[in-house]
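What follows is each chain in one-letter form.
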Amino acid sequence: MAALDQIRTIVVVIMENRSFDHVLGYLSLPQYGGRRDVDGLVDLDTDPRFANEYDQQIYRPFPMADGRFLHDLPHGRREVAIQLAVSGGTPTMSGFVRAYVEASHSIVEQPPPLGYLTPDSVFMSDFLARNYLVCDHWFAPLPTDTHPNRVMAFTGTATVDETKSRIIPHRNLVFDWLTGRGVRWRAYHCGFSFFPLFGEFGHILGGNFHSVRQLASDIASDDDDEVPQVIFIEPEYGDSPVHFGFAPNDNHPPDPIGPGEHFLRDIYTALSSSPRWAQTMLVVIHDEHGGFFDHVAPLPVKIPVPAGALYQEPFATTGLRVPALIASPFVRGGTCYRGNLDHTSLLQLFAEKFAGDRRAYSDDVNRRLDQGIESLSSVLSQEARRDVPPAPATAVSVTQVLQSTTPLINENRKALLLAGQKLLAHDRARAIRQFPELVHLQS
Amino acid sequence: MRTQLFVALRSIVPAAVLCVGCASIEGFSANPRTACAGDPVTVAWAAIGNVTIGSEPAVADIGPKASTGSQQFIVDRDTRFTLKASRVFSCKRTEADVVVAPPAREYGGVAACSTVERAIALTVPLGERQVSSALKVSSVTNANPRSIVLAKGSVHATIPAGGRSAAFDREPVAGTWTLRADLAPGESCDDALRTVASRLTFRVGFGCGE
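Same order as they appear, the protein sequences are chains A and B.
When you line the first sequence up against the working numbering, it's residues 1 to 443, in that order.
When you line the second sequence up against the working numbering, it's residues 444 to 653, in that order.
If we strip away everything but chain A, and leave its shape as in the complex, we get (with noise of 0.2 Å):
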């Protein structure tokens, strides 16, 4: 029987904001075990893809130790653009630094996007890497923020290019296109949810959405034909507008990386240690580069603008590569794929499992296949795997973020606001028993 048909659970965990060379760039420095199969961090002194330019000055990506950041980084459609540099027709991704100077006015020895982790900050993702799969030409699948990005996932369709506060129109949300095929799925949300930003608050209130509380206990519990064929699992977000028994997690800037790797290892550890896990996909992602520096072009992707959509000029690149792990006992330890995925490939790979043809999603998201954006079912290996790596025992300190923060006013949070604004019209009661912290928002 082929892997994918063996899967009787696919997990989807997105991450905000973060880049590949930032979260997994040192796997291949020589420090840290020269992975040569990952295209990382290399002759960083030396080779010219990573000199980045300001005001005639070169700087260069530096490890950085986990922790909270002056700023949060720039990474709008404008910003990305400045970020790639493009001369010539060619990104040269040099533009990070200018970026980052014209956002914050803060310059400094070692601007914050040309800083990456390394395995002591991102504990659960070094693990993941080294006993799972990475994937490194994992793209956002546009050059721009929050929003646009997690539509793609949830969509495939890019019916808005920035993160603004308002409902996002949408066709072909995933929850719809699952729901329609008779498969059985479920969110799991530490406080508030991204996806009332859809405004489908039927959804939202219908059962499907479990506090990531429940995870471990429903997983013991679920008989097998209640156990869902995809999960959503969502961190706790900076940008929500209470927090509510959740310190943020979802790895997005000013805040550090640091309780999202400890969440990580929270839903590894609850997914691996069920007797299902020998039928589990779990796929870990972030939904785009948040600012920070990567040395790979995007891709060129040209899509039209979709009817509908609230902006007139149309991309014609993914965005910048993002962190992507795969942990299932499909996938072989310690090895990379290479091929180009961006989050459309989840929608893929759902049309192929659940539907027994990858084009059978959307259009737009076969505009991309046709492109070259593969289906996730590409990194599966045939032969299973029996060994299950126990997730590392020692912990991070997370400290600094548990200090009293001032809160970003940003769009995404007012649009989260607004999101729970109308969740709570739309019925009030059950908003609450759903999402406890709404209970401190006026409706």
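Errors might be hidden in some of the hints.
[What the hints assert, rightly or not] Keeping only pairs whose Cα atoms sit at most 20 Å apart, straight-line, the calculated SDA-like set for lysine to any residue is: (1) 164(A) <-> 81(A); (2) 527(B) <-> 108(A); (3) 414(A) <-> 467(B); (4) 164(A) <-> 362(A); (5) 164(A) <-> 76(A); (6) 414(A) <-> 71(A); (7) 414(A) <-> 302(A); (8) 414(A) <-> 201(A); (9) 527(B) <-> 362(A); (10) 527(B) <-> 164(A); (11) 527(B) <-> 70(A); (12) 527(B) <-> 254(A); (13) 508(B) <-> 491(B); (14) 414(A) <-> 533(B); (15) 302(A) <-> 362(A); (16) 527(B) <-> 501(B); (17) 414(A) <-> 463(B); (18) 414(A) <-> 466(B); (19) 527(B) <-> 409(A); (20) 414(A) <-> 243(A).
FYI, nobody ran anything at the bench for these hints, they're computed from the structure.
Assemble the complex: chain A is given as a structure, and chain B must be docked to it using the hints.
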């Protein structure tokens, strides 16, 4: 606690009103970014809110300032200048580093290729934003994976990939540098630019004495 305060305020004050009380930073710089000990550094700022200029280590005359202005400070060692702007509802902060006599720095940027000149070339003007007029060259290294001709004023040198030159020693670092990498016979601009990832750079070793 601040989040809760903010949420509470959001429930009673329209969002647009909140921004009236927000601080913002419009600009901040500390130049030159590379200096010699005892050099004056010009710190310039523009902000909305109550402004405080700080530094680490502390230099003379830092503290509260007008919301827009500039001032010279003397630096003796690596110094991080900070600008804090605060108002009723928010506080913004930013930083600018000045490095005193580092061993070396790399300069350059994205280069252009000319099919007529059959060369990749780049001009790198180093002025008062980048370097102190007191800084002198102690060595120059070709940081590119191909040979370049480096020139400044009447001095020029052909330097192999990764090689060093003493031709510019004791010259002021400030001034206009030009870098040129000739195409090999039959080589296209696209291929040549690919070898240097569209960049040309050079490293300058610094000295501050006579």
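Hint check:
1. 164(A) <-> 81(A): holds (19 Å)
2. 527(B) <-> 108(A): holds (16 Å)
3. 414(A) <-> 467(B): holds (19 Å)
4. 164(A) <-> 362(A): Violated - the C-alpha atoms of residue 362(A) and residue 164(A) are around 25 Å apart, more than 20 Å.
5. 164(A) <-> 76(A): holds (11 Å)
6. 414(A) <-> 71(A): holds (18 Å)
7. 414(A) <-> 302(A): violated (30 Å)
8. 414(A) <-> 201(A): Cα-Cα ~18 Å, so holds.
9. 527(B) <-> 362(A): Violated, at about 50 Å.
10. 527(B) <-> 164(A): violated (28 Å)
11. 527(B) <-> 70(A): holds (12 Å)
12. 527(B) <-> 254(A): It holds: about 17 Å lies between the C-alpha atoms, which stays within 20 Å.
13. 508(B) <-> 491(B): holds (12 Å)
14. 414(A) <-> 533(B): holds (16 Å)
15. 302(A) <-> 362(A): Given that 20 Å is the threshold and the Cα spacing comes to 16 Å, the pair holds.
16. 527(B) <-> 501(B): Holds. Residue 527(B) to residue 501(B) sits at ~15 Å (cutoff 20 Å).
17. 414(A) <-> 463(B): holds (17 Å)
18. 414(A) <-> 466(B): holds (19 Å)
19. 527(B) <-> 409(A): Roughly 18 Å between the alpha carbons, so the hint for residue 527(B) and residue 409(A) holds.
20. 414(A) <-> 243(A): This hinted pair holds, its Cα atoms lying about 14 Å apart.
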